Every structure is written in structure tokens, then in C-alpha cells.
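When you get a sec, could you build the whole thing from the sequences and use the hints?
What follows is the residue order along each chain.
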Amino acid sequence: MFRVVHYINQFFGQIGGEDKAGIGPQVKEGIVGPGMALKQALKDEAQIVATVICGDSYFNENIEKAKAEILDMIRKYSPDIFIAGPAFNAGRYGVACGTICKAVKEELGIPAVTGMYIENPGADMFKKDIYIISTRNSAVGMRDAVPKMAKLAVKLAKGYDIGSPSEEFYIERGIRKNYFAQYRGSKRAVDMLVKKIRGEAFKTEYSMPTFDRVKPNPPVLDISKAVVALVTSGGIVPKGNPDRIESSSASKFGKYSIEGVLDLTENEYQTAHGGYDPVYANQDADRVLPVDVMREFEREGVIGKLHNYYYATVGNGTSVANAKKYGAKIAAELKNDGVDAVILTST
Amino acid sequence: MDLEIQQRVKDLAEKYGPENIVVLLGGAEAEAAGLSAETVTAGDPTYAGPLAGVSLGLRVYHVLEDDVKKEYDPKVYDEQCSMMEMVLDVDAIVKEVKPIRDQYCKYL
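Chains as they are written, first to last, in this note's numbering: chain A, 30 to 376; chain B, 43 to 150.
Hints are computed from structural coordinates only; laboratory data are not their basis.
There is no bait here: all hints are sound.
Mimicking DMTMM-like on lysine to aspartate or glutamate, the simulated pairs with C-alpha atoms at most 25 Å apart in a straight line are:
#	chain 1	residue 1	chain 2	residue 2
1	B	K137	A	D173
2	A	K57	B	E46
3	A	K358	A	D369
4	A	K334	A	D313
5	A	K177	A	D158
6	A	K281	B	E71
7	B	K148	B	D44
8	A	K177	A	E234
9	B	K140	A	D173
10	B	K52	A	E47
11	B	K52	A	D48
12	A	K49	B	D44
13	A	K281	B	D131
14	A	K49	B	E46
15	A	K281	B	D44
16	A	K49	B	D53
17	A	K177	B	E73
18	A	K134	A	E148
19	A	K57	B	D44
20	A	K206	A	D153
21	A	K68	B	D44
22	A	K281	B	E73
Only a predicted model underlies this, so the values are computations on that prediction, with no experimental measurement involved.
Right, dumping it as C-alpha cells:
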């Protein structure tokens, strides 16, 4: 029976939410949380001998240190398989799962599998290095994801050939493999072309990578005369969150006047964001949306003027497609209003 | 179902006995209602909360299901729920919740 070490974050480790995201790595013998589902899926082929739990903030703020600590923990249990997550659409969790899987594979020589939603930043960062099972964007997809992860992990441990992404449900790694096709290339290409012309569905044999490159704008000619706007994905909203912007997977953005506002106070502003510890942002929202400093700059003539409105949404779990849509709308309005430059702040 | 509520359901089931508890759901979405129903019967399907791996098997209904409607004071229902009954996709909600109840509830 193969030995498995499982990695999860503080939330799935049932230690706590964002308030516990700063905890360092710890090991528990046996299974915790999603390990229960994993155990069922692994049946009697493999056994989870230990679970490593680490806070998402701790990991991402101390990547090298956390990686070394966790590798030491894993090494002690001499596993045959390493499984992390699934992380779904949780960005920092995804990065942690990807980092550890890559390190386990390369430094310990142990097969590693994780699971993520395709838009998780960790997926793009690590899909070339490791097998990442494609999951839904929330923990609702646990039941679907875990058996796929278990199956692939056991296959890797046995040294079996791994099939294509669509057969094994992992995110495409950009690897090409030779195989014998029924028809020669020219016929397959013409068949595809005919389908394309007819407007029928066809499946490409070599999908082009999509590069989302944004060309930098030319520099602002004279910042001391420029109108500068603040835009944030950190969820800073007037107290009470009048537009009810969601704490995760935001369905909208807000536009708020800061005409005459010199400082964002605790009584008038707060964050609507559900993906970080809100205490410090609620105490002083300038920490996320620096209106106070911008007013100083305005007074000192460093910038021309702070735009009368700021825009805010919540980046937590918000899909890339929606974020793009909000960005385009906000940019169009800012251009219309004669804004010359924008400072974007995250969390 | 969030972690605190899972803990509360678990505590109540321990205190009063699972056979004496009925969970009424008010969620507006079929999938969310189904997940909550699964959480209090088979266990937390996301394996994140206190009910992960704990099969309480509680009786669970969505507040708009016909099976429980007859228990209510019609006046109160009219006031509190009838509006939502018109707006929500009740069929979809029942289709999610009922099979889960039939499969996992231990006290029907």
C-alpha cells in the first residue's frame, strides 16, 4: 500500500479562516478534513500517513522558509505520493499547493498531484511543472475533484503512462506526445478546415497558447499637472457597503465621491473584502486606498489633482472575465472624465 | 453552510438528540439548498467544517416544500414566504433537497 502525505491550508485543516491564515506549518498524523474524501477515493491502494497544514498567509509571506519547513516534515514520513489541496479558486492556497508539489517532485523525487480551478493564479504558474486536476471554482467541487486526484496520483506512483489532459482531467501542460493516428495529417487538417467553414465544432490538435500581455502605457508627461484616480480591488467602501459589493466573487464595482475627503476614517469607511483579515483596513481604510497620502501630494504639488471619485471592487475569488469587464468600464469612465493616471491598489 | 452554523447544528443535535431535530432551509438557490441539506444529513461535502465526515442524518426540508407547508400557520406563511415562493425556482429546490433527504435522512 502506498504512503501518502496530504497538504491542506488552515481553513480545510479546520483551524480557522482568515484570522488563522498566519499560522506556520504543522503535521497531524493521519487524515484531516478533505483527507476523509481522499481516503475513500484511494481505497486500499494508498493510505494517508500524515497531513501537513499551513496558513495561506504564512506560506505566501515566507515562501522559501515555509517550503523548507514543509519539505522536512514530508521527508520524515517517506511517502510514495504527495497530494495537495484541492485549492479550487483560492489564490494563495493554489500558489502554496503548486510550490510544494513542484518542490516535492523535484527535490524529493516523489510524484505530486494537486487540484485547482483553471483561473487560480497557481494553475498558470505551475501547470507546466506538475499535474493539476482541473476543478470547479469552489469547494462544491470537492466530491468531483478528489477521486480524479487520487486516481492520477496512484497511477503516477505505479509508474503507469499518463494519458492526455482530457482523459485524466488535468490542466494542459503544453507537452506534445507522438502517437499513431488513424488518418494522415493532411486529411485531418482538411477535415477540420471543412468543419470550420461549415461552422461545425472541431477540436484542434494543437491549441495555441493565449498570452495576456498588457502593453505599458507611455509615461505620464508631467505628474505635477496630472489628474490621478484611485482604483482598488481591496473592497474599500463607504461604511455599511451601500452597493452591497459581495465579500467574494464580486458581481459589481462601486464608484464613490471623495470630493473634500482628506482622510478615510474608521467611522466612514470599511472594507467589504472577505479574503484578508479586515481589522487593519477597517481601522484605517487609507492603508488600502491611500487618500490621505494623495491629498498630501496634492497639497505639495507632487500631483496635479486627485480625481473626485474612486472605484472599488472585491478581488477575492472574482473571475478574470468579470474583472476584465469591470476594468474596461472603469477605464472608459476615467478617460471620459479626463483622468491622466490611475493608481491601482490591491490587498 | 458556514462553519459556525455547522457547529451550532452539531451542538443542537447532541443536546436534543438528532431524532428530535428538523432543519428548515431558507436558501434562495437550489444548489446551495442541496449542499446545506447534504451537510446536515450525509456530512459536509466540502470537508471544511465540523460536520465533515459526520452523518447526522437529520430531517431537512426547504421552507417552501409542500411536505412541510401544511404545518405552518397560513397567515404567517403568507406574510413571510409567499412572496419568495413566487420569485424562486421552487421545483429546482425540491429536486435538489428531496433526493438528499430520501437518501441520507435517518429519521423519516
